[in-house]
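S.K.: One letter stands for each residue in the lines below.
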Amino acid sequence: MDDPVIEAAIERVRGGDVDAFGEVVRACEWSLRGWIAARCPPEVDPDEVAHLAFIQAFTHLGEYTAGTRFRSWLWTIARNQLLSEIQKARRREGHAQYMPEAMRDALGRDLAEDRGEDEYLEALRRCVDRLAPQARAMVDSHYRDGRPLADIARTLARSVASIKKALFLARRTLEDCVRRRVAGGAP
Amino acid sequence: VSELDIETLLAGELGPDELAELERRLRADPALLEEAMASYRLRQLLPLALRGRGGDRFAEAVARSLKPPSEGFAMGVERSVRRRVARKRRRGALWLLPLAAAAAIAAAVALRWSSPAPVPVPLPAPIAPSVAVSADDVPVVAVAGGDLRQGEVIGFGREITLPAAASATLRWADGSALALAGEARLRVVRAAGKRIEIERGAVACSAAHQPDGRPFAISTPHGEATIVGTRFVLEVGATTLLRVSDGAVRLRDRANGAESVVHAGEEKRIGPPQLPYVQDFLTGLPTGWQLGELYEEPAGDWWRSVTSVERQDRGRASWCISSEAREHQHPFFRFDPRASIELTLAQDRPAQDLLLLVLCRADTGAYVANVMIHVDVPDRPAFQAVRVPFAKAYEGLDRVGDVPAVCTSWLLQSFDRDQRPRLARIAVLPP
Numbered sequence: 116m117d118d119p120v121i122e123a124a125i126e127r128v129r130g131g132d133v134d135a136f137g138e139v140v141r142a143c144e145w146s147l148r149g150w151i152a153a154r155c156p157p158e159v160d161p162d163e164v165a166h167l168a169f170i171q172a173f174t175h176l177g178e179y180t181a182g183t184r185f186r187s188w189l190w191t192i193a194r195n196q197l198l199s200e201i202q203k204a205r206r207r208e209g210h211a212q213y214m215p216e217a218m219r220d221a222l223g224r225d226l227a228e229d230r231g232e233d234e235y236l237e238a239l240r241r242c243v244d245r246l247a248p249q250a251r252a253m254v255d256s257h258y259r260d261g262r263p264l265a266d267i268a269r270t271l272a273r274s275v276a277s278i279k280k281a282l283f284l285a286r287r288t289l290e291d292c293v294r295r296r297v298a299g300g301a302p
Numbered sequence: 053v054s055e056l057d058i059e060t061l062l063a064g065e066l067g068p069d070e071l072a073e074l075e076r077r078l079r080a081d082p083a084l085l086e087e088a089m090a091s092y093r094l095r096q097l098l099p100l101a102l103r104g105r106g107g108d109r110f111a112e113a114v115a116r117s118l119k120p121p122s123e124g125f126a127m128g129v130e131r132s133v134r135r136r137v138a139r140k141r142r143r144g145a146l147w148l149l150p151l152a153a154a155a156a157i158a159a160a161v162a163l164r165w166s167s168p169a170p171v172p173v174p175l176p177a178p179i180a181p182s183v184a185v186s187a188d189d190v191p192v193v194a195v196a197g198g199d200l201r202q203g204e205v206i207g208f209g210r211e212i213t214l215p216a217a218a219s220a221t222l223r224w225a226d227g228s229a230l231a232l233a234g235e236a237r238l239r240v241v242r243a244a245g246k247r248i249e250i251e252r253g254a255v256a257c258s259a260a261h262q263p264d265g266r267p268f269a270i271s272t273p274h275g276e277a278t279i280v281g282t283r284f285v286l287e288v289g290a291t292t293l294l295r296v297s298d299g300a301v302r303l304r305d306r307a308n309g310a311e312s313v314v315h316a317g318e319e320k321r322i323g324p325p326q327l328p329y330v331q332d333f334l335t336g337l338p339t340g341w342q343l344g345e346l347y348e349e350p351a352g353d354w355w356r357s358v359t360s361v362e363r364q365d366r367g368r369a370s371w372c373i374s375s376e377a378r379e380h381q382h383p384f385f386r387f388d389p390r391a392s393i394e395l396t397l398a399q400d401r402p403a404q405d406l407l408l409l410v411l412c413r414a415d416t417g418a419y420v421a422n423v424m425i426h427v428d429v430p431d432r433p434a435f436q437a438v439r440v441p442f443a444k445a446y447e448g449l450d451r452v453g454d455v456p457a458v459c460t461s462w463l464l465q466s467f468d469r470d471q472r473p474r475l476a477r478i479a480v481l482p483p
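From first to last, the protein sequence lines are chains A and B. All residue numbers for the first sequence refer to the numbering used here, where the first residue is 116 and numbers rise by one. All residue numbers for the second sequence refer to the numbering used here, where the first residue is 53 and numbers rise by one.
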């Protein structure tokens with residue numbers, strides 16, 4: 116959906132058609148969730164941030180000036196929401212234990228960027244389809260279905276260490292594949 | 053880093069020395085940092101790429117959280133409630149009724165399907181020999197809670213009172229189980245079959261198929277549920293709410309004797325008409341209400357949106373008071389614009405308080421309007437009844453119109469931050 120259609124949906128929301136906001140969500144959720152996920156530290160749930168950002172956008176829709184790039188406005192809300200959730204998580208958990216501060220700083224720098232992740236996500240989807248069947252099954256089980264490594268290891272009658280290693284190699288393969296695709300160097 | 057598994061790193065499996073070394077190298081080598089970030093980016097985006105677009109599912113999840121833009125006031129209130137409840141949950145507050153009820157349901161289901169074959173229990177001496185009783189009709193405590201000890205036999209006539217923070221499960225010889233939560237008060241009654249009288253609280257029931265003529269019945273002040281073989285939840289407060297998840301339950305309304313069958317996936321409420329509605333704090337807080345610290349919304353001017361209830365002044369609730377009906381999905385009363393609301397309260401100096409009612413459609417639960425009413429309280433430190441017709445609402449009434457609406461939340465707020473109104477009773481009076 117392009118911006119004029121989003122603008123039309125927003126106008127309908129303002130006119131009392133609350134359901135029209137669903138069109139706005141459907142049009143933006145994929146991009147927004149990707150953008151948030153790529154900038155989100157591990158202790159924050161990116162989908163929760165996206166959810167809250169949409170609610171904020173709906174609540175403050177009266178403050179949006181029609182025709183002034185809704186996506187930019189929404190992304191600003193999401194950025195603030197993400198910062199707020201990061202601060203809350205830090206207060207809750209104390210100092211982060213698992214992620215090096217250098218990586219956290221890098222995430223913080225990325226927050227200022229509006230660069231979308233759509234192209235990356237599309238490339239990643241295509242690369243996943245090219246994985247070997249067993250690697251694909253493991254990747255699906257862990258990253259799509261959220262199954263713990265021990266569970267997958269039991270099912271496949273393998274050790275947890277071997278599953279970890281296989282997933283590590285699958286991610287390396289995907290990284291290389293995505294890098295080539297985004298750079299335009301691979302089918 | 054190129055050989056480092058990002059998952060190993062994030063799982064905290066590196067030692068302090070290794071982490072310090074990694075930190076140093078990441079700071080010193082931008083290319084290395086870029087590589088680590090690329091791994092993290094892929095790890096973060098992989099679930100999204102695999103699951104695909106959220107589409108309707110995500111949009112519907114957002115839609116469930118939405119209120120019309122003009123509902124800013126109520127949203128602030130509700131957000132406060134949600135945060136406070138979430139905070140309590142994080143602290144492991146077991147007294148929270150929905151949580152306790154969920155745990156009780158899980159316990160009941162687990163008992164129903166995974167417990168070993170029950171052992172017959174000795175029959176206590178019958179109180180009166182008027183009906184044929186069986187040892188199978190006497191439950192034992194399967195999961196201890198409150199004063200109930202595991203394995204204890206609950207004889208006929210025994211009154212059980214469970215504090216708010218406790219839950220317990222009773223089990224019969226045929227595997228039927230009853231999980232109790234939320235300040236439950238009930239007793240096992242001598243009858244042909246299994247019979248429980250519950251005065252208040254929430255119970256989750258998982259019942260085996262009962263033989264003809266020996267029903268499993270649960271009576272409440274408002275009616276009686278007769279079970280054939282099913283799973284359901286019964287919540288007893290000002291009314292009785294029955295939610296059936298499996299099978300069917302026959303429900304009889306004590307007020308008019310009307311019987312109805314509630315099937316799986318359905319719910320039915322019986323009890324007194326929802327007007328007049330009376331909430332009395334003189335004897336303490338009713339079920340589902342919570343004591344807690346004052347809560348101030350950190351952002352904006354929501355500092356007044358306190359959603360806790362304090363026990364002060366001989367048990368009366370004070371300060372800003374709000375319901376949590378939306379949390380429990382129980383409407384308080386059917387809204388009639390011709391009716392009035394009566395507050396019995398005291399304030400130390402004259403004030404104009406604000407009463408907010410959040411109204412939703414009685415049939416669909418969709419939001420309708422916030423109705424806002426000024427309540428003028430004269431200078432009287434003693435308790436007094438102040439009555440205000442709904443028709444005097446200064447906002448929101450025009451949006452209600454002929455819509456059949458119920459009040460799902462209410463909030464009483466003082467605009468004087470130094471003044472704490474003390475509320476003893478809130479009632480809705482019929483036209």
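Among the hints, erroneous ones may be present.
Said to hold, decoys possible - Facing chain B, from chain A, some residues (calculated, C-beta under 10 Å):
1. R154
2. F173
3. W190
4. C242
5. A265
6. R287
As the list claims (entries may be wrong) - From chain A, some residues computed to sit far from chain B (all C-beta separations above 10 Å):
7. G182
8. R186
9. D266
10. R273
11. R295
Don't read these hints as lab results, they were simulated from the structure. Glycine residues also receive a C-beta, built at the ideal position from the N, C-alpha and C atoms.
S.K.: Now, for every hint given, state plainly whether the structure supports it.
M.R.: Against the structure, the hints come out as follows:
{"no.": "1", "hint": "R154", "result": "8 Å, holds"}
{"no.": "2", "hint": "F173", "result": "5 Å, holds"}
{"no.": "3", "hint": "W190", "result": "16 Å, violated"}
{"no.": "4", "hint": "C242", "result": "9 Å, holds"}
{"no.": "5", "hint": "A265", "result": "13 Å, violated"}
{"no.": "6", "hint": "R287", "result": "9 Å, holds"}
{"no.": "7", "hint": "G182", "result": "19 Å, holds"}
{"no.": "8", "hint": "R186", "result": "16 Å, holds"}
{"no.": "9", "hint": "D266", "result": "15 Å, holds"}
{"no.": "10", "hint": "R273", "result": "17 Å, holds"}
{"no.": "11", "hint": "R295", "result": "13 Å, holds"}
Hint check: violations occur at hints 3, 5; the rest are consistent with the structure.
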